[in-house]
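S.K.: Got chain A; can you put chain B on it based on the hints?
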Amino acid sequence: MAITNKKKVSKRAYPITWKEVKRQKVLLLWSAAFVIYGFIFYYLPLGGWVIAFQNYKPKNGLFHSAFVGLEKFQQLFSDASFIRVIRNTLAMGVINLAATFIMAIAFAILLNEVKSKIGKKTVQTISYLPHFLSWIIVTGILHDALSGAGIVNELLLKFNILEQPLNFFAYPKYFWWIVAFANVWKETGWNAIIYLAAITSIDPCLFEAAAIDGAGRWARIKNITLPSIKPTIIILLLINVGNVLNAGFEVQYLLGNGLVQSVSQTIDIYVLKWGISQGDYSLGTAAGIFRSVVSIILIILANQVSKRAGEEQLF
Amino acid sequence: MYCLGRREWKFEKMSLLNIELISASQLAENAQLVEYVQLAEYVQGAELERGRGVIMKQKKAIPRLYKSHTSFSNVLFTVCNTLFMIAFVVITLYPVLNTLAISFNNGTDALRGGIYLWPRKWSLQNYITVLQKNSLVTGAYISVARTVIGTLTSLAANALLAFIVSRKRFLFRRELSLFWVITMYVNGGLIPVFLVYKGLNLTNSFWVYIIPGMVSAFNMLVLRTYMGGLPDSLEESAQLDGAGYMTIFIKIISPLCKPVYATVALFVAVGQWNSWFDAMLYNRMSDQYTTLQYELMKLLSSVTNQSASVETMKNAAASVTPASTRAAATIVTMLPIVCLYPFLQRYFVTGLTIGGVKE
Numbered sequence: 000m001a002i003t004n005k006k007k008v009s010k011r012a013y014p015i016t017w018k019e020v021k022r023q024k025v026l027l028l029w030s031a032a033f034v035i036y037g038f039i040f041y042y043l044p045l046g047g048w049v050i051a052f053q054n055y056k057p058k059n060g061l062f063h064s065a066f067v068g069l070e071k072f073q074q075l076f077s078d079a080s081f082i083r084v085i086r087n088t089l090a091m092g093v094i095n096l097a098a099t100f101i102m103a104i105a106f107a108i109l110l111n112e113v114k115s116k117i118g119k120k121t122v123q124t125i126s127y128l129p130h131f132l133s134w135i136i137v138t139g140i141l142h143d144a145l146s147g148a149g150i151v152n153e154l155l156l157k158f159n160i161l162e163q164p165l166n167f168f169a170y171p172k173y174f175w176w177i178v179a180f181a182n183v184w185k186e187t188g189w190n191a192i193i194y195l196a197a198i199t200s201i202d203p204c205l206f207e208a209a210a211i212d213g214a215g216r217w218a219r220i221k222n223i224t225l226p227s228i229k230p231t232i233i234i235l236l237l238i239n240v241g242n243v244l245n246a247g248f249e250v251q252y253l254l255g256n257g258l259v260q261s262v263s264q265t266i267d268i269y270v271l272k273w274g275i276s277q278g279d280y281s282l283g284t285a286a287g288i289f290r291s292v293v294s295i296i297l298i299i300l301a302n303q304v305s306k307r308a309g310e311e312q313l314f
Numbered sequence: 000m001y002c003l004g005r006r007e008w009k010f011e012k013m014s015l016l017n018i019e020l021i022s023a024s025q026l027a028e029n030a031q032l033v034e035y036v037q038l039a040e041y042v043q044g045a046e047l048e049r050g051r052g053v054i055m056k057q058k059k060a061i062p063r064l065y066k067s068h069t070s071f072s073n074v075l076f077t078v079c080n081t082l083f084m085i086a087f088v089v090i091t092l093y094p095v096l097n098t099l100a101i102s103f104n105n106g107t108d109a110l111r112g113g114i115y116l117w118p119r120k121w122s123l124q125n126y127i128t129v130l131q132k133n134s135l136v137t138g139a140y141i142s143v144a145r146t147v148i149g150t151l152t153s154l155a156a157n158a159l160l161a162f163i164v165s166r167k168r169f170l171f172r173r174e175l176s177l178f179w180v181i182t183m184y185v186n187g188g189l190i191p192v193f194l195v196y197k198g199l200n201l202t203n204s205f206w207v208y209i210i211p212g213m214v215s216a217f218n219m220l221v222l223r224t225y226m227g228g229l230p231d232s233l234e235e236s237a238q239l240d241g242a243g244y245m246t247i248f249i250k251i252i253s254p255l256c257k258p259v260y261a262t263v264a265l266f267v268a269v270g271q272w273n274s275w276f277d278a279m280l281y282n283r284m285s286d287q288y289t290t291l292q293y294e295l296m297k298l299l300s301s302v303t304n305q306s307a308s309v310e311t312m313k314n315a316a317a318s319v320t321p322a323s324t325r326a327a328a329t330i331v332t333m334l335p336i337v338c339l340y341p342f343l344q345r346y347f348v349t350g351l352t353i354g355g356v357k358e
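So the protein lines, in turn, are chains A and B.
Heads up: the first sequence at position 259 corresponds to 258 in numbering that gives the first Met the number 0, and the numbers run straight through without jumps.
Heads up: the second sequence at position 16 corresponds to 15 in numbering that gives the first Met the number 0, and the numbers run straight through without jumps.
One chain only, chain A, in its complex shape:
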């Protein structure tokens, strides 16, 4: 896979001269338009971080609100519910990351071992399906399946594992695992695509040689397939570690309810609740900044660890 391509971007091909600028007039004009657009929609909001250090009131605007320094951050960290929110976000992020990662790799490897071409193609096509459904639909389906009269309860009752129907959404202890299951259900097939591509690019000679030497299928998976896709796994892990705090809004928002609030709220939901619904823009922004900064630190840390271990790097 081209992921491991370490080629550096070459230096400027031509020096900046009037002649060259004139020649590339069209490109320069369009790129100016793109820079303005990007500045407005991606960089201007970063300037909005300043309101976390203010006591922002919409009627005063950005320039006339009083500066309060780090007061909003102090308020944030003295709020017990915010600490709980951080715990929830981290816990669900880590559980989801581990679950979706392991499932995608396992699925890709096992699917690759399916001999029948038609069977392989069919399973793969079906495995993509949930990715194309919105979270609204997925959580709706999950509600049906796990409700008191749902299929899961029906099966559990039939096999006498449960005495009476259980509403899984009413108990905080199940919530994180339901969210993990939802993520696995939705994304396993999709995430497996990239691993399958990596597996198909392994030189078949390796498998042949191992087979001739008497390696069984497990041995081949362990000694050839897994080491060969290791670079891909590491790159994707690096990308996803940075997203641990970001991945946690839609499912939790849609599946959460009053009974499981203590374990379902994530940083993003907290921001939405305080920022938009309660109107405390400064507090919401402060929470958002905390999340962004931690994310960036996580990405850099993961990259460093990988560099130390002599593995792939993101940048």
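Think of the hints as simulated: they come from the structure by calculation, not from any bench.
Check before you lean on any hint, since a few could be wrong.
Unchecked claim - Beta-carbon label-pair distances, calculated as ranges:
1) B/M284 / A/R83: 27 to 33 angstroms
2) A/L154 / B/R173: 53 to 59 angstroms
3) A/R86 / B/I181: 25 to 31 angstroms
4) A/A79 / B/F71: 57 to 63 angstroms
5) B/F71 / A/K120: 43 to 49 angstroms
To be verified - Facing chain B, according to a computed beta carbon distance under 8 angstroms, are these residues of chain A, among others:
6) Y13
7) W17
8) I35
9) S133
10) I135
11) I136
12) A144
13) L145
14) R216
15) I275
Glycine included, each C-beta is placed from N, C-alpha and C at the ideal position.
M.R.: Chain B in isolation, oriented as in the chain A frame:
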């Protein structure tokens, strides 16, 4: 190779491929020539369309040549693996098929339970109820509009940006790339973004679905990687003939990029169709800009709260329950994408593999 006419070029590729394949098949113990011919056709089709090198791809597509052992552990593995795949398919498909069955079943009858994969008492009443709901119909129009307009504008913008940064001669290609790649990692967060949109009068408007998300760094990178792989000589020879950059972009590069355009269009279209949060956050107050997904969400949450309203009473007479309406609405919402995606598979597979490239 490029000085050959298109036909000769094709011929050269074919012969190259055949030689390779025949030698490979001779190596194989039990060579099945038929399969190789099919394979050759498949690879050719894919490669000619993409205009890329043959040999790499061919290596990937050759089936394994050894015979599988028939020892006990291997048989056990095959059995377990097949069972796993069947379980996977059942878990993936069952909930969707169950929803489909309920949507076609008489609502009051469905309350008795016991409907799995096939309706017990057929009824179209659920769909009729859904199609009579004004909010859902408005939502459907807006969803279609935002998907079509959003996909076209976003594709045009991303392609143009990718074209600019993939020009080797362009003076600021590194700077402009970096400017966009940074946006992948840092963002302002919910509230500052909300305030900016509000300041630009994008809230309570249709354009909030289109304009802010028009350029995405990820899609730009996918397109850039593909365009970077096209030969520079195309651009040079067109310039010798006096073509400007926009002509090169529209007449020469874009036709060659059709497969990757399809990929990006698919990504954007799916995102547009499935997104609901922007409707809730920015257009909560204006019902005329609601989307299908957001309406579905309202429907779902009203059902889970089990609110008995006048409407529920009215529906009871028509033997339609909230649960059955919801099933019908869910099916309507997922239908367009579910019907289309199986035919677009190779596009998103390419896109994801290209997208994994870093620089």
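S.K.: Next step is simple, just say for each hint if it's right about the structure.
M.R.: A quick look at each hint next to the structure:
At roughly 32 angstroms, the beta carbons of B/M284 and A/R83 sit within the given window of 27 to 33 angstroms. Between A/L154 and B/R173 the beta carbon distance is about 57 angstroms. The supplied range of 53 to 59 angstroms therefore holds. Roughly 30 angstroms separates the CB atoms of A/R86 and B/I181, a value that falls within the hinted 25 to 31 angstroms. The beta-carbon spacing between A/A79 and B/F71, approximately 58 angstroms, falls within the hinted interval of 57 to 63 angstroms.
A hinted range of 43 to 49 angstroms for the beta carbons of B/F71 and A/K120 is inconsistent with their spacing of about 29 angstroms. Annotation: interface hint on A/Y13 holds; nearest CB of chain B at approximately 6 angstroms, less than 8 angstroms. This hint is violated: A/W17 has a C-beta 12 angstroms from the nearest C-beta of chain B, more than the 8 angstroms allowed. At its closest, the beta carbon of A/I35 sits 11 angstroms from a beta carbon of chain B; the interface hint therefore is violated under the 8 angstroms criterion.
Against a cut-off of 8 angstroms between C-beta atoms, the interface hint on A/S133 holds, since the closest Cβ of chain B lies about 4 angstroms away. Restraint check, A/I135 versus chain B: the minimum CB separation of about 5 angstroms is within 8 angstroms; hint holds. At about 5 angstroms, the closest approach between the beta carbon of A/I136 and any beta carbon in chain B falls short of 8 angstroms, and the interface hint on this residue holds. At about 6 angstroms, the closest approach between the beta carbon of A/A144 and any beta carbon in chain B falls short of 8 angstroms, and the interface hint on this residue holds.
The interface hint given for A/L145 is violated, since its Cβ lies 10 angstroms from the closest Cβ of chain B, which is over the 8 angstroms cut-off. The beta carbon of A/R216 comes within 5 angstroms of a beta carbon in chain B, closer than 8 angstroms, and the hint placing it at the interface holds. Taken as an interface hint, A/I275 checks out: its beta carbon lies about 7 angstroms from the nearest beta carbon of chain B, inside 8 angstroms.
Checked against the numbered hints above, the structure violates hints 5, 7, 8 and 13; every other hint is satisfied.
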